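Asker: Spelled out from the first residue to the last, the chains are:
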Amino acid sequence: MELPVEIPGLLNYWIVIVLMMAGFYVVISQGNLVKKMVGLSVFQVAVFVLYITMSKIDGGAAPILDDAIKQYSNPLPHVLILTAIVVGVATTALGLALIVRIRDAYGTIEEDEIIELERNDD
Amino acid sequence: MAMTAFAIIRLRNLFAVVMLSGIFSLLAASLYVLLTAVDVAFTEASVGAGISTLLMLATLAITSEYEKKSERSTLLPKIIVTVTGAVLIYGTLDMPLYGAADAPSNLHLIPRFILQSGTEIGVPNIVTSVLASYRGYDTLGETVVIFTAAIGVLVLLGRGRNRWRPGMRKPVVPEEREEEV
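Here the protein sequences line up with chains D and B, keeping their order. My numbering runs 7 ahead of the 1-based position in the first sequence. My numbering runs 7 ahead of the 1-based position in the second sequence.
Same shape as in the complex, but just chain B (with noise of 0.2 angstroms):
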């Protein structure tokens, strides 16, 4: 996934670099079910790698397939990301170990999820029930982020073909467009 990471800070070719996130997401989802989050694995495997992807590749067609080159200094940006990097990783160093049971996130709620909810929810995968019961009304909001997003990209695009739309600097003249057909 590392190695994935850092090609797509290298390469220019946007069709690779948005192929590249699509291998991404897809080898997160393999990790996923190693570490037995089955659900999610499933979902990050359709939504992330799937429809992302397609999102990206369709955004590509509408606009250009290259990168420019930046004259922009990258020394900047490298120190604020080793920086930062260093402090997240020295704030590990208190964190619960790897696959440690008695983890703090591992005992609020947890045990009575596991418990009872086969009998109260009646449903026996655990991550269903959390998911469509006890924490419905997340459920609920994601819904409507989900809604007000496509109103969102439905305002933004607009459904008729016409090219130019009011609020729009300059129109795109012809002879431009040709040059990147």
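Chain D on its own, in the form it takes in the complex (with noise of 0.2 angstroms):
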């Protein structure tokens, strides 16, 4: 299937650091942790995209062997990013076990909250 648009030379990579820095953005500005997760998922699928980009030949067709097709994309960037998506859902559930402990332990899941409880504490 083709793109209905022509997609100029590099703005695939642009449109990925968009994405990418927005991500950032909320991991390094937000003090809610469930957010911060969220950020780091949305930063996870933009290097998803920068790797499926790549992975795109004008005219190639999805990497199922036929005897019709001449051109193919490249099937490596998907098998890493396969395993790249399962291996995400992994580290986002230890994550959010994690902020479910803190929960309990600070009765709070707001970073600035959490810090300032530590000082009080020590």
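Please note: incorrect hints may appear among the correct ones.
As the list claims (entries may be wrong) - Below, in silico cross-link-like pairs of lysine-lysine (BS3-like), each with a Cα-Cα straight-line distance of 25 angstroms or less:
1. Lys76/B <-> Lys43/D
2. Lys77/D <-> Lys75/B
3. Lys75/B <-> Lys85/B
In case anyone wonders, no lab produced these hints; they're calculated from the structure. Here the structure is a predicted model, which means the values were calculated and not measured.
Relying on the hints, combine the two individually framed chains into one complex.
Answerer: Structure follows, in structure tokens:
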């Protein structure tokens, strides 16, 4: 299937960078731990899109063998990203479990409040 | 997708944020279909948009649904993000163009996968044969990571329903919890 519009040259990388920076911004500027996890997954999806756009070749078909097809997309990035998606969910699950424990221990999931509680303890 | 990402930055209602991240994943999945990465697309749709969203909703059900307003300055993060983005964009100037068949990443090993995996492995889907055979150890490693993560989650959350566990700083007092409900 062809994209409806022609994508000029390097635009795909720039879109990826904008998405990546949006995720990065959420991670470093927000105090809420769940929101940080969402930011991490946005960043992650941006990296996936980077790999997948690199695997696309003009006129290439999905990498499933057929005698009628002469050109395929690059299958290797697809494999790597398949692995990465599943690993990403595993790490997300672990991070969310940690958040639940932090909520149990401190009664909040805001980073600032946790730091404040720690200070009062000392 | 970019609009969804910016909405995630602005919104304070965590429920909406999590739903938007699901939409974001789904948009990514449709993008992969357009880019002919069909296997990746359905993994992203089921795992990324499905399971992650479910896990996050479960976390929200246990914790709070609204984010508090942070008093922190957003100036420094904005500067860092802008500078990093600018440097990355500068870095893309040397990258191969979109759709170029002669990009370095498409020349090494890939012709072999495409030409011979059909006879060597016998599966028409090249992604499957690379995943399960040529890069089998990778997939084994992935399984180990998932197993470790599963053990970690079980250890962290425990299996009992008791709220107070050893190592906690202070037990969650009943009055406090009623306020939040």
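Asker: Hint by hint, note whether the structure agrees.
Answerer: Against the structure, the hints come out as follows:
{"no.": "1", "hint": "Lys76/B <-> Lys43/D", "result": "14 angstroms, holds"}
{"no.": "2", "hint": "Lys77/D <-> Lys75/B", "result": "56 angstroms, violated"}
{"no.": "3", "hint": "Lys75/B <-> Lys85/B", "result": "20 angstroms, holds"}
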